[in-house]
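Colleague: Below, each chain spelled out in residue letters.
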Amino acid sequence: MRDTFVTNLAKLAQNDEKIFLVCGDLGFNVLEEFADLHPTRFLNGGISEQNIAGLCAGLSREGYTVYFYSIGNFPTLRCMEQIRYDIAYHNANVNIVAVGGGYAYGSLGTSHHATEEIGMLRMIPNMMVTSPSDPSEVKNILDITSKSTSPSYMRLNRSGEETINYLNTFSLGELHLAYSGSRQKNKAFISNGAICFEVYKDLVASKSSADLFSLPIVKPLEEESIFTQLAQYNEIIVVEEHQLNGGLGSTIQGIICDHFVISDSNSIPKIHRIGIQDSFQSLAGSQDFLREKAGLFNYRNYL
Amino acid sequence: MTTQKKFSYKSSADAALNIASKVIELCAVKKAAHMGGALSITDFLSVYYSFFHSHDSSSLFYSKGHACTALYAALGHFGFFDLKDLDSYSDNGSIFTSHVSHHVPGVELSTGSLGHALSVASGVSYAKKIAGSNHRCFIVLSDGELDEGSNWEALLFIAHHKLPCTVVIDYNKLQSFGRTNEVLNLEPLQDKFEAFNLKCQVINGHDHLEIFNALNSFSDNPQVIVLNTIKAHPLKYAMNSLESHYYPPSSDQLVEGLKDIKEHYERHICN
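In the order they appear, the protein sequences are chains W and B.
Number 284 in numbering that gives the first Met the number 0 belongs to position 285 of the first sequence; there are no gaps in the numbering.
Number 214 in numbering that gives the first Met the number 0 belongs to position 215 of the second sequence; there are no gaps in the numbering.
Okay, chain W solo, but in the shape it has when bound (with noise of 0.2 angstroms):
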């Protein structure tokens, strides 16, 4: 995802003179390529990421379409007020773009837990908050933000991730159909981030007759569409890299009781959230070992 984040921008910045890459001091190996290519609009701005926010929002005021690109919880929580206030509340031109998302950079340490900033950033009007799938998401985001002119931010996982064949359309705001098990309708998991691959090769081996639906943009959704199509399913399973508090769980969940009022429905299906329960991981560890100290893997009980 990170590569074909800096590699597609590195594209866009080709034929866009206004897009501009700004990095806190990370990006070692990963931003050289855009900064080769696009030298007089690339800058690190240093360790400092609440001057960075609020600078990007300057950027922006002359015209850039600003990329701010860091790790985790430093491009978001650490200057999340600038954010607010700077960037959304002037509707400035800039996306930020976090790598690590989730426990991808599991043995760093909590420091380096990226698990709380969709719920923040979501929160924040005016922001477009993202969690691509696989590196096809990835692209399809960058389309929409390097032509949008308001605030975005965009999870991304680490490098190395898989592409998921069946996702081939892209429409924002809407559910993408990642994997089909049946025509029954009965169960349907929903997914966002590097997560959303786990589920998709755990269906795929267990043949599971569930369908899985990447739903990448958590804001703004077509809400409509959404609650038209989960309402068909009997049993919707939500699984996040992230705190049940405030992410995708609960978006579906607004969505899904918030249109059964004004529905003519009778039942809405049941909703299982799989996240993380209001809790830090503090011991060392790979992404999927703390995933599964986390519980995110209980997802397979309903394969």
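To be clear, the hints were calculated from the coordinates, so they are not data collected in a lab.
If you're wondering where the values come from, they're calculated on a predicted model, not measured in any experiment.
Positions of the beta carbon are idealized from the N, C-alpha and C atoms, including for glycine.
All the pointers check out, no bait thrown in.
Straight-line Cα separation of at most 25 angstroms, BS3-like style, residue types lysine-lysine; simulated pairs:
id: 1; chain 1: W; residue 1: Lys17; chain 2: B; residue 2: Lys128
id: 2; chain 1: B; residue 1: Lys127; chain 2: W; residue 2: Lys146
id: 3; chain 1: W; residue 1: Lys17; chain 2: B; residue 2: Lys127
id: 4; chain 1: W; residue 1: Lys138; chain 2: W; residue 2: Lys218
id: 5; chain 1: B; residue 1: Lys161; chain 2: W; residue 2: Lys17
Covered stretches of chain B, going by a simulated chain W footprint (3 or more residues, C-beta under 8 angstroms):
id: 6; segment: 96-110
id: 7; segment: 141-152
Assemble chain B onto chain W, guided by the hints.
Modeller: Coordinates of chain B only, in the frame set by chain W:
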């Protein structure tokens, strides 16, 4: 950037008289806070907008958003909007919120949370510089605001990239809960800026000619001007008091204060 305009006390003191009077009127009528810090920066705003502001080649970022009455009154005085509009200050539905709003004509950036404007201005300045423009950003900060670490991040950046920014500190030496040297000592302040490779002048922030000369002395490099100011200047009853950060003037204090302002500035206008 130097100004083509010639200094005259008459123009800037006339502006200061209007701005300061409007500040205390608004605070009295609307029972609004933050009068002291608005009055301490009034002389700077008067000189800046009288002689240095240019739509094309300068912009002013006002980081001390709580002292909004002075900026609003200055923008009204200098014709960005009808000064009468400001009578709706802080009313339900007014664009004139009690911390600076970018919805007000002439305002570059909404502020109110301290330690934001310097970073945003440094982004604007960086973009202007790489575009080859001779644009200069003026950023007005309070002294208490220097407690915020984000300012020092931005100062590192401005110094490193030699951005054409003028950073102005309203050093009235009083912050929300006490004197700056008691809450979190800033001294030696000039040395701190100079240690960041920033040229720094310390001047009398109520002397219009000193402000003019300081603003007029700059090259393309970043500069810091520390304005030695007095909170709630020139109100005899309120000068240098912490209370002027909070309490609006009573009706008697308003009458007395308007008299103080008139006397103070008319002395300059007559000169």
